[in-house]
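Each protein sequence line maps, in turn, to chains A and B. When you number the first sequence by the numbering used here, it's gap-free, plus one each residue, and the end is 114. When you number the second sequence by the numbering used here, it's gap-free, plus one each residue, and the end is 1113.
Bear in mind the hints are in silico, worked out from the structure with no lab data behind them. The beta carbon of each residue, even a glycine, is placed where N, CA and C say it ideally should be. Among these hints, one or two may not hold up.
What the hints assert, rightly or not - Restraint-style ranges between C-beta atoms, simulated for each label pair:
{"#": "1", "chain 1": "A", "residue 1": "Thr15", "chain 2": "B", "residue 2": "Pro1014", "range": "43 to 49 Å"}
{"#": "2", "chain 1": "A", "residue 1": "Gly40", "chain 2": "B", "residue 2": "Asn1022", "range": "15 to 21 Å"}
{"#": "3", "chain 1": "B", "residue 1": "Ser1069", "chain 2": "A", "residue 2": "Asp56", "range": "28 to 34 Å"}
{"#": "4", "chain 1": "B", "residue 1": "Ser1069", "chain 2": "A", "residue 2": "Asp38", "range": "29 to 35 Å"}
{"#": "5", "chain 1": "B", "residue 1": "Asn1018", "chain 2": "A", "residue 2": "Thr15", "range": "18 to 24 Å"}
{"#": "6", "chain 1": "A", "residue 1": "Asp73", "chain 2": "B", "residue 2": "Pro1082", "range": "35 to 41 Å"}
Given next are the chains, with one letter for each unit.
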Amino acid sequence: NAGVTQTPKFQVLKTGQSMTLQCAQDMNHEYMSWYRQDPGMGLRLIHYSVGAGITDQGEVPNGYNVSRSTTEDFPLRLLSAAPSQTSVYFCASSYRDRETDTQYFGPGTRLTVL
Amino acid sequence: KQEVTQIPAALSVPEGENLVLNCSFTDSAIYNLQWFRQDPGKGLTSLLLIQSSQREQTSGRLNASLDKSSGRSTLYIAASQPGDSATYLCAPLSNFGNEKLTFGTGTRLTIIP
């Protein structure tokens, strides 16, 4: 299994540009989520999905869109990039057994918005 | 709102020592608590998961404990090695409302050879 994969690894955008961060998992996990990690603030949840066709907002959803058309893929869209969205983005997945689930994280996408 | 604190923020110890990392959280309504390891420039790797009904979990030289009522968890690392150098993050999974992991800012551990 490849686990959780993310592309690209690095990206530089100009303010106002849009882009999609890709996330895929091959473990048939129902639950997928996106986090951003900023210095001194820990990881914060952006959006999450409990299955194909179902998404919901996390702690910091503004400026981001998601969709979940398949179990495997959970792309994150930046509609109009802003410097405040400079961060490292992590995708994670797990089964939905709340008591025992281990979250598996991708390697991250480092995004810089100029 | 769940808040997670990890103390200390950074720790340096000589190789071979035993050490304890601390995690405290404000809301005891959790399904589980996970400890993760993050190497510089990398993603997170799950080390241990403690279910809310458990008191501790062990994996090799790692032992994590959970006291849900007091909102505390510890990660004990025995016989530390230079390869243990990384940032360690704890994250309780809340079972109220928007179920999600809440992360602390981590403890950056350096093992001195």
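Cross-check of the supplied hints:
1. For threonine 15/A and proline 1014/B, the hinted distance range of 43 to 49 Å is satisfied, since their beta carbons lie about 47 Å from each other.
2. Separated by about 18 Å at the C-beta atoms, glycine 40/A and asparagine 1022/B satisfy the suggested range of 15 to 21 Å.
3. The given range of 28 to 34 Å is respected by serine 1069/B and aspartate 56/A, whose C-beta atoms sit roughly 30 Å from each other.
4. For the hinted restraint 29 to 35 Å between serine 1069/B and aspartate 38/A, the CB-CB distance of approximately 32 Å keeps it satisfied.
5. Between asparagine 1018/B and threonine 15/A the beta carbons are some 49 Å apart, a value that contradicts the proposed interval 18 to 24 Å.
6. Hint check: aspartate 73/A to proline 1082/B, Cβ distance near 38 Å, so the stated range 35 to 41 Å holds.
Of the hints listed earlier, the one the structure fails to meet is number 5.
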